[in-house]
Every structure is written in structure tokens, then in C-alpha cells.
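Asks: Chains as they are written, first to last, in the working numbering: chain S, 1 to 483; chain L, 1 to 483.
Since the hints were made in silico from the structure, they are not lab data.
Quick reminder that beta carbons are idealized off the backbone N, C-alpha and C, glycines included.
It is possible that part of the hints are untrue.
Chain S stretches covered by chain L per the calculated footprint, using a threshold of three residues with CB under 8 Å from any CB of chain L [claimed, not checked]: (1) 94-101; (2) 113-124; (3) 147-159; (4) 185-199; (5) 335-348; (6) 380-394; (7) 463-476.
There are 2 protein chains.
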Amino acid sequence: METTIRKYELSASMSAGDVLLQHLRGVVGASNVFSGSEIEERYRSDMMRKYSSTPLCVVRPSSTEEVAKIVQVARNAKIPLTTLGGCTGVVGGGMCLQGEIALSLERMNKIIEFDVESMTMTVEAGVVLQRAQEEAESHDLLLPLDLGARGSATIGGTIATNAGGVRVLRWGTMRDMVLGLEAVLADGSIVSSLTKSLKDNAGYHWRDLFVGSEGTLGIVTRAVLRLRPLPKSAQTALLALNDFGCVPQLLRFLDASFAGQLSTFELMWADFYEFVSAAQLQQRQRPLPLGSAVYVLIETLGADVGRDMELFERGLAEALERGLASDVVIAQTERERANLWAVRDDLTEAYKPLFPLAAFDVSVSLKDMPHLVDRARSAVQQLYPCATMLFYGHAGDGNLHAVVKLDPNDAAAEAKVEGAVYECVRDLGGSISAEHGIGLAKRKYLSYTRSPAEVALMRSIKGALDPDNLMNPGKVLPDSQTH
Amino acid sequence: METTIRKYELSASMSAGDVLLQHLRGVVGASNVFSGSEIEERYRSDMMRKYSSTPLCVVRPSSTEEVAKIVQVARNAKIPLTTLGGCTGVVGGGMCLQGEIALSLERMNKIIEFDVESMTMTVEAGVVLQRAQEEAESHDLLLPLDLGARGSATIGGTIATNAGGVRVLRWGTMRDMVLGLEAVLADGSIVSSLTKSLKDNAGYHWRDLFVGSEGTLGIVTRAVLRLRPLPKSAQTALLALNDFGCVPQLLRFLDASFAGQLSTFELMWADFYEFVSAAQLQQRQRPLPLGSAVYVLIETLGADVGRDMELFERGLAEALERGLASDVVIAQTERERANLWAVRDDLTEAYKPLFPLAAFDVSVSLKDMPHLVDRARSAVQQLYPCATMLFYGHAGDGNLHAVVKLDPNDAAAEAKVEGAVYECVRDLGGSISAEHGIGLAKRKYLSYTRSPAEVALMRSIKGALDPDNLMNPGKVLPDSQTH
């Protein structure tokens with residue numbers, strides 16, 4: 001790798017910080033280095049406005065080679081780097097805490113190759129998810145990853161966090177869509193394996209290790225994504241169940257009946273369903289009456305509108321006959337489909353009265369999910385008897401979400417509620433992060449989910465790949481002294 | 001972890017080797033330690049009889065804790081360990097080369113928990129694949145991994161090699177079926193993450209790094225496997241195509257038409273099809289006439305025999321109409337289905353006249369696959385103008401297999417043919433191992449597929465996790481001096 005850096009005029013009277021900025025300008029040009037008051041607000045805060053970031057400067061490279069040179073500059077100056085994607089993370093994984101260099105990949109937003117024959121696309125990390133989705137659709141193909149922040153989240157960010165969403169049941173998380181990867185390591189070297197094949201057993205599978213490592217092992221610069229044929233039909237329904245006991249059987253039955261087509265199986269507990277649908281009553285009717293214990297939103301994606309709907313209706317009728325559900329409504333139009341989805345997905349307005357809130361993203365086995373809900377509910381109620389709590393989640397993936405409205409007058413409320421819920425997760429052997437990652441927010445709870453031996457293994461890997469702790473320091477792993 | 005080891009009578013006059021054996025007997029009992037002539041042939045050779053192994057001793061632990069104690073004993077004695085599963089590997093990954101301790105997990109063959117509700121099974125590493133498959137089927141569930149050696153390959157071995165097979169297109173490789181993993185590291189610690197959820201983003205995903213690492217990073221002792229609803233219908237057909245050019249389009253068309261149900265898409269070049277079907281003519285008719293350029297075996301697995309066959313026939317008729325295939329035969333009975341599969345899968349007898357042979361397992365993008373076949377064919381023909389060469393593979397995965405009959409009088413033939421074919425793979429940016437791993441056989445070709453930066457990254461990981469090189473030494477990574 002070429003490591004020579006074009007020198008801007010450096011004078012003997014410059015401070016170390018000024019020298020660093022001049023070196024960085026030498027790599028990316030003066031118009032792509034910002035410091036001090038030049039740094040826009042969007043680089044300083046996360047989507048939830050929970051954290052604030054204090055970058056020393058923001059640098060915007062345009063190529064992998066520039067990223068590698070920036071890493072060399074940072075390494076020489078012993079200044080760490082934090083990589084920014086769409087800044088839509090919810091655990092503070094992209095926050096510069098100690099005056100680091102913020103590396104924004106927004107200019108690395110090219111779709112490098114679209115290979116219809118191999119059903120892959122090769123993209124730079126800064127490509128926005130929605131643009132990648134639309135590019136795939138224009139070729140009659142599907143990039144299955146989808147999530148609410150699609151309009152700003154980037155491919156690099158969804159790789160860094162191993163993003164999930166509402167179709168994991170069928171197509172997996174981002175890790176399952178990344179066939180090839182390129183990254184810049186802490187020593188400035190470029191590792192590149194932009195393969196298009198599903199199978200590649202030549203040595204250690206470092207790609208899957210990097211996916212989900214939240215920028216702490218290196219900087220992802222490009223990826224080859226696996227695409228699927230674009231579905232031609234979507235069948236959507238909302239089901240009501242009298243108790244959770246039927247959920248696992250219902251999932252197995254529908255997954256078997258709709259062989260290969262079941263793409264979504266989203267669970268909403270009664271409290272969530274009542275709260276969200278009530279908040280939306282001015283825009284739309286409540287699709288099923290209140291009074292059931294749980295509600296399930298399901299969707300199949302197929303190839304043939306008429307045939308798939310017939311199969312869908314038949315399967316749901318049989319589920320009712322078998323007593324696996326007590327009521328069901330099937331969307332007959334796109335508008336009805338959007339209405340069903342809104343109850344699960346259109347939460348921004350509905351949640352407003354809940355702020356300040358604590359949000360949870362945890363996983364347990366499906367079997368343990370109702371136990372987790374019961375335990376978490378009573379643990380929180382012990383602390384705050386009247387707290388509003390809503391439970392929902394991607395049941396097919398073992399992923400439970402919850403929100404708890406916090407007492408705005410109790411500064412310790414968030415920590416107390418978090419501790420109480422994560423203790424329940426720990427006791428059931430679950431994970432404190434299903435899809436959002438650890439970042440800053442969950443670092444101190446990592447040991448609830450990972451044994452000391454696992455944390456030690458993670459530290460070994462981090463130490464080997466980033467001995468000087470230059471890559472997004474202070475994230476994922478707890479401080480070794482205190483935990 | 002408890003590390004005390006029961007002491008057998010150690011006397012001052014014992015050799016270091018005897019002391020080691022006594023310590024090992026102290027861990028697993030005298031009846032589970034073999035040395036010298038007590039070591040049976042099955043521990044000494046691989047399935048292909050290509051390599052021979054010289055273990056110092058064979059140890060058969062019955063629990064993870066015993067494995068951890070054995071690692072401690074080995075570490076104290078500075079003797080490396082090689083883990084043995086079903087000994088069906090084809091690249092020599094399980095060969096003890098330097099008088100190591102052979103750790104056979106054959107006694108760790110318990111199915112620990114079958115969780116129908118979560119659609120998972122938790123097994124010890126020594127469970128034979130076929131037994132795990134049958135256990136799943138008895139609960140109306142499917143463990144999708146399948147391969148010829150199912151009767152002896154173990155779950156641990158298929159994890160170590162990230163086994164593939166003929167259904168990767170739909171359900172992925174072994175990595176995609178491993179939700180939870182437990183392993184013993186080189187320092188004797190036990191890392192255990194026996195999760196049952198599809199989503200777990202709490203820290204580095206070390207599980208996926210261990211899958212496919214061929215026992216060089218640690219010893220896999222248990223796993224949680226993801227299961228699927230057991231399909232109720234299987235539709236199988238053989239298609240003939242006049243040229244390769246239609247293959248990518250045919251795959252996309254069928255994958256889209258059979259939304260979610262296409263499970264197998266196996267490609268056979270004319271030479272392979274002619275050779276194998278000719279060898280089988282005494283047992284069964286050739287299912288389609290010779291004369292086409294490529295043949296494709298496809299299968300869909302679904303939920304409804306009648307409906308799925310109707311969909312299958314309609315899709316294939318449309319493929320013929322569109323000119324994506326020139327001929328097709330659909331199996332109408334289980335016997336016909338077995339006959340179609342035999343052409344692709346029942347190779348043992350057919351291959352006998354080809355020995356000695358060189359076998360290849362490589363991957364490239366689907367688009368490049370015909371180029372690889374052409375280049376490899378002419379490269380081999382330049383060396384041996386009359387060599388018999390057969391090409392086939394899992395086209396949906398970009399995985400090409402080939403066999404080349406070697407001149408038995410030319411001792412250098414294998415190395416020459418290998419070098420020639422791997423050069424073609426390198427030039428097309430492919431992988432020298434799609435599903436078999438690197439082991440011993442492909443170590444010296446790793447740099448054909450992996451850049452120096454990637455190999456350095458792999459060495460960093462290996463060095464961090466196994467600094468004394470105790471875990472299956474001499475496999476996967478080339479010697480650092482020579483490559």
C-alpha cells in the first residue's frame with residue numbers, strides 16, 4: 001500500500017492538532033476536513049439525541065485508499081478514529097467521545113457493480129440502504145434487509161451493527177447478506193475479499209467477525225451483497241390469540257404451511273396493541289378488536305398473487321380451525337396492508353407521550369419469551385407500580401422489544417429500569433442486545449450475557465487486531481478494570 | 001474452571017510420554033486412552049486414504065470439562081492436540097502430524113435438548129449427522145445440512161469445516177444452522193454461548209469465526225442447531241440446456257417462480273453426465289439423452305404434494321417455452337427421484353476407473369463459472385492432452401467441483417494438475433476451497449485466494465487465540481517462512 005501523504009505547508013509554529021489537520025487535508029483535500037465550529041450538528045449527535053459527540057475533526061474520504069491513509073495519519077498521531085455511517089444507531093456506537101477523528105463515509109456512496117447473473121451488488125460502505133434497495137428492485141431483485149431508518153442508514157452502518165429488521169425469519173440479518181467484504185485495519189492495511197459466492201471455506205471467516213463489530217476492529221469500506229428474486233406478491237394478516245401458549249405452534253404451523261414464503265411474524269402484546277392502535281385512531285380504524293392476549297402480524301412474499309393468496313387464506317383458515325388463533329384479518333388492498341403494518345411499525349407519533357422512555361432490544365428463546373415479559377413487567381412494577389410498559393418484537397427471531405415510560409422527575413429511573421430488565425434477561429440466559437448492538441449504552445451490561453471467558457476472548461481478538469485501541473475506542477467491550 | 005487432575009501413580013522413573021499418558025488416564029480413565037499399537041486404524045487415516053496420521057495417543061473425553069482438563073494437560077506438556085470427528089474430511093484437516101494428542105469426541109454423542117417450541121436442538125459435537133437429522137425428523141422438523149458422509153460425519157466436524165452440500169442455496173451452510181456454540185480454547189477455558197435465538201448482537205460474533213476454522217482456534221464441544229419445519233413434498237427434475245449461457249437466467253427464473261421452495265440447483269457438464277450415467281446404465285436408464293451442453297438437477301421442497309407439483313410443472317413448462325432449457329424430465333415416483341439424484345450423487349462406483357484422481361472444490365461467481373471450466377480444461381489438457389476431466393457442482397452457490405484422472409506413472413501429476421487448476425481459480429478471483437476447507441491439502445495454495453493482508457489477519461487471530469500453536473497445528477495457514 002502506498003503510504004506517502006501529500007504534505008500541506010507545515011510550519012514549525014503549528015500545534016500538534018493543526019499538523020494533524022494539515023496531514024488529513026493532504027489526504028482528502030481541505031474541503032473534506034472540518035474542525036471546531038465547522039462541524040455540523042449531524043456529526044455531533046445520534047438519532048435518539050441521547051448522546052453527544054465531540055469529534056476533534058470530521059474527515060470525508062472518497063476511497064478505500066484514502067481511508068487507509070487517514071488511518072496511517074491517525075496512527076502516527078496516536079489519535080483514535082470513529083467511523084460514521086448514517087448516524088441512525090441507537091446505542092451510541094458512532095459517538096466520538098475523546099476528541100477522536102470522525103471518519104464519515106458519506107462520499108463513498110457508489111454502487112460499484114451490479115451483477116444480475118450472480119445476483120449480487122458491490123457497493124461502497126456509504127451507500128444509503130434505501131438507494132441499494134431501489135437499485136436492486138430496478139433489476140427485479142431484492143435486498144431483503146429493511147428497517148425504519150432505511151432513508152439514512154448506510155450499508156456500512158448496517159454491516160457494523162449486523163442490522164436485523166422484520167424479515168430475518170426468512171432471509172437472516174445483514175451478516176447473511178454479506179458475501180464479500182473490504183475493510184481497513186488499524187495498521188492501515190486493506191483486507192479485501194469481494195467474493196460473490198455463497199461458499200468460501202478458504203481460511204478463517206473474518207468477514208462474519210467484522211459484521212456486527214461496530215467499527216471496533218476496522219473500517220468497512222465495501223461489500224458484496226447477496227440479492228434474491230424480487231417477490232411479486234405480498235399477503236399480510238393480523239391475528240389475535242387468546243394466550244401466548246399457542247404462539248410457537250402457530251409459527252411452526254404457518255412456516256410449514258407457507259413453505260419458504262413466511263417472511264414476517266411480528267408479535268404484539270395486548271398493552272402495545274391497545275396503546276399504539278389507540279394513538280392511531282384518528283388516521284385509521286383498529287384492525288382487530290381489543291381483548292386478546294397477543295396479536296401477530298404475518299406476511300408471506302411469493303411469486304403469484306392469486307395462488308399465494310389462496311394458499312394464505314387456506315392456511316389461516318386452518319390455523320383458526322385448529323384453535324391456534326381466535327381471530328384474523330387479511331389485507332385485501334395495499335392500503336389495508338399499510339394499515340396493518342402501521343400498528344407494528346409506525347411508532348414515532350404514537351410513542352411521543354411516552355418520553356422520556358427506556359427502550360429494550362433483547363433476545364431469548366421463543367419458549368422463554370412470555371416468561372421474560374412477565375418477569376420484566378413485575379420487576380419494573382416493583383420499582384414503579386404505575387409505569388407504562390409495552391412489549392412487542394420479532395418473535396420468529398426470539399427478539400423482544402419493550403419500552404418503558406420513565407418518571408421524568410427521577411434521574412435514576414433509566415438506570416434502575418435497565419438494570420431490572422437486564423437482570424431478567426440474564427436469569428433466562430438471553431442476550432441484552434438482539435439487533436441494536438452494544439455501543440456505549442449496553443457496555444456495562446455485557447457481562448449479563450457474556451461469560452468472563454467470552455469477554456476475554458473478545459478482548460484477545462480486539463487486542464490482536466487493534467493493539468493501540470485506535471478503532472472506535474470505548475465501545476462494545478467494558479473497561480477491563482471495572483468489569 | 002476446575003483444573004485439578006486426578007493423579008495416577010506417577011513414579012520418578014517414568015518417561016515424559018508415560019507421565020503424559022498417566023495424566024490423561026487421570027482425566028478420562030484408562031479405558032479411554034490408547035497409545036502405540038492400541039491405536040486403531042480408523043484414527044490413523046482419512047477417508048480418502050491420502051494421508052496417514054501418527055498420534056502420540058488417542059484420548060476420548062466424555063464431557064466439556066474433561067476436554068478442558070485434557071487441554072490443560074497438553075498445555076503443561078507442550079504437546080499439541082488434533083480433534084477428530086467422523087474422520088470423513090477430504091483435505092487432511094484431522095491428521096495428527098507430529099505425534100500429537102488425538103482428541104476423539106466420539107463419546108460426546110448426546111443430544112442434550114430437543115426444543116420443539118424454539119425449533120432448535122442442542123447437541124454434543126460427537127453426534128453423527130444422520131442421527132441428528134433423524135432426531136429432528138422424529139419431531140417433524142428438518143436439519144437442512146445433508147451430505148454423502150452423513151452416516152459417519154459428526155456435528156463437530158461439519159462445524160469445523162462449515163460443511164455445505166446440496167441445499168445451501170435455500171438454507172445456507174453449517175454456519176447458518178449454528179445458533180449457539182461451546183468450545184474449549186487453547187488456554188483451557190470454556191467459552192459457551194448456547195443461545196437459541198436468531199439474533200444476538202452482544203459483542204463479537206466469535207461463533208461464526210470458529211465455524212470453519214478446522215479445529216485450529218479451539219475445540220467445539222456443543223452446539224445449538226436451528227431447525228426448520230419438515231417439508232412434506234419433494235419435486236425433482238433434470239433439465240438439459242444447449243449452452244451454459246442460460247444457466248444464470250434459469251436459476252433466477254426458477255428461484256423466483258418457486259418462491260422460497262427451490263432447494264437444489266446442481267449443474268453437470270456434458271462430460272460428467274455422460275461418464276456417470278454410462279457407468280450406471282446397468283442399474284438404471286439414462287434419464288435424458290446425451291447431446292446437451294449442461295444438465296441441471298433441481299428440487300423444490302414444499303408443504304403440499306399436489307399443489308407443489310402443479311406449480312413445479314407449470315414453472316418448468318414456462319422455462320421450456322422461454323427457451324431457458326431444451327428438455328426436462330420430472331420424477332413421478334420416489335424411485336424416479338432416486339434415479340435422478342443418482343446421476344449427481346451416487347459417484348463411488350462410477351469414479352472407480354478414475355483413480356488415481358485429483359478432486360477439486362472451488363468457487364467463483366456464477367457468471368465466471370463457464371470461463372473457469374474452459375480455462376481449467378485447457379490448462380490440464382496442455383499438461384495431459386488425453387486426461388479425463390469431469391465438471392459439476394452446486395451452481396446456485398458458485399461452487400464448482402471437478403475430477404481429473406491422473407497418470408499413475410507420473411508421480412508429479414497431482415501437483416502439476418492442482419497448480420494449473422488453482423492458477424485458473426486465482427486468475428478469476430475465485431476461492432480454492434468452497435466447502436471442503438484448507439486442512440493440509442490446500443495450505444500451500446491459500447495465497448492464491450487470500451491476499452497477504454488477509455493471511456496476516458488470520459495469523460493475528462490464530463496467534464491471539466492459540467499463542468503456543470497447540471490447536472491442530474500445521475493446518476489451514478501456510479508456514480510463515482515459506483509462503
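Asks: Take the hints in turn and mark each one as holding or not.
Replies: Comparing the hints with the structure gives:
1. Only residues whose C-beta sits within less than 8 Å of a C-beta in chain L count toward coverage, and the segment 94-101 of chain S has 0 of them, not enough to reach three; the restraint is violated.
2. Chain L is given as covering the segment 113-124 of chain S, and this holds because 6 residues of the stretch bring a CB closer than 8 Å to a CB of that chain, at least three being needed.
3. Restraint check on the segment 147-159 of chain S versus chain L: 0 residues with Cβ-Cβ distances below 8 Å, three needed, restraint violated.
4. For the segment 185-199 of chain S, the proposed coverage by chain L is satisfied: 12 residues have a C-beta within less than 8 Å of a C-beta in that chain, meeting the threshold of three.
5. Requiring three or more residues with a Cβ within less than 8 Å of a Cβ of chain L, the coverage given for the segment 335-348 of chain S is violated, as only 0 such residues are present.
6. Three residues within the 8 Å Cβ limit are the bar, and the segment 380-394 of chain S against chain L gives 1, so the coverage statement is violated.
7. Counting residues of the segment 463-476 of chain S whose CB lies closer than 8 Å to any CB of chain L gives 4, which reaches the minimum of 3, so the coverage claim holds.
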